[in-house]
Amino acid sequence: QKEVEQNSGPLSVPEGAIASLNCTYSDRGSQSFFWYRQYSGKSPELIMFIYSNGDKEDGRFTAQLNKASQYVSLLIRDSQPSDSATYLCAVKGGSQGNLIFGKGTKLSVKP
Amino acid sequence: EADIYQTPRYLVIGTGKKITLECSQTMGHDKMYWYQQDPGMELHLIHYSYGVNSTEKGDLSSESTVSRIRTEHFPLTLESARPSHTSQYLCASSAAGTELYGYTFGSGTRLTVV
Numbered sequence: 002q003k004e005v006e007q008n009s010g011p012l013s014v015p016e017g018a019i020a021s022l023n024c025t026y027s028d029r030g031s032q033s034f035f036w037y038r039q040y041s042g043k044s045p046e047l048i049m050f051i052y053s054n055g056d057k058e059d060g061r062f063t064a065q066l067n068k069a070s071q072y073v074s075l076l077i078r079d080s081q082p083s084d085s086a087t088y089l090c091a092v093k094g095g096s097q098g099n100l101i102f103g104k105g106t107k108l109s110v111k112p
Numbered sequence: 000e001a002d003i004y005q006t007p008r009y010l011v012i013g014t015g016k017k018i019t020l021e022c023s024q025t026m027g028h029d030k031m032y033w034y035q036q037d038p039g040m041e042l043h044l045i046h047y048s049y050g051v052n053s054t055e056k057g058d059l060s061s062e063s064t065v066s067r068i069r070t071e072h073f074p075l076t077l078e079s080a081r082p083s084h085t086s087q088y089l090c091a092s093s094a095a096g097t098e099l100y101g102y103t104f105g106s107g108t109r110l111t112v113v
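Residue numbers (my numbering), protein chains in the order written: chain A, 2 to 112; chain B, 0 to 113.
A few of these clues could be false.
[What the hints assert, rightly or not] Derived, one-sided and incomplete: chain B residues facing chain A with beta-carbon distance under 10 Å:
hint: 1; residue: Lys17
hint: 2; residue: Lys30
hint: 3; residue: Tyr32
hint: 4; residue: Gly39
hint: 5; residue: Gly101
The set of hints was computed from the structure by calculation and includes no laboratory data.
All C-beta atoms in this analysis are idealised placements derived from N, C-alpha and C, irrespective of residue type, glycine included.
When you get a sec, could you build the whole thing from the sequences and use the hints?
Structure (structure tokens):
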């Protein structure tokens, strides 16, 4: 069973819309959750982290965490074409405490 | 400026050659990682280190080896490159207590073995 699951997409939204990216994880003891953005041919960059249930907002980005449902999501408001990228969900887990990455969801924002 | 550096950025090399991919960070991070990523595919952890003289193999079997003689330096070596090694190699580092800080990635090395 894959430990971190993401819909691979592609997810296509029009410019100005809200993009909703979802991630589920299997380790109920996971404590920390991260969202990375990766442009094609580039390395991942950290955009959000969350470790408490509820919402965390940073500019146009909102991370949502529900530990009971083992579910974390990323909302991007007022989506821009520059947001087009692959978004990786990562969960701190395992016996070594390394980050476990999902396969990523490819987002395309159409002008 | 504190950062993580990978060299070379691109490398094309012939089969059977020995290569070393360099990774250095100036953030004083104890933990360092090597990932392999094919285009459009997921990240695969191939090696990690929690400090000097500490190295471990990751989830993906790899013919590469690593060393950690200095905190800031974590090179990856392929003794005999093969076309199957063609991929992007990403180095990352993190401070102790990744609960809040996650990983910082280098720019990557895109390796092509011909």
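Task: Structure versus earlier hints, numbers of those that do not hold, lowest first - done: 1
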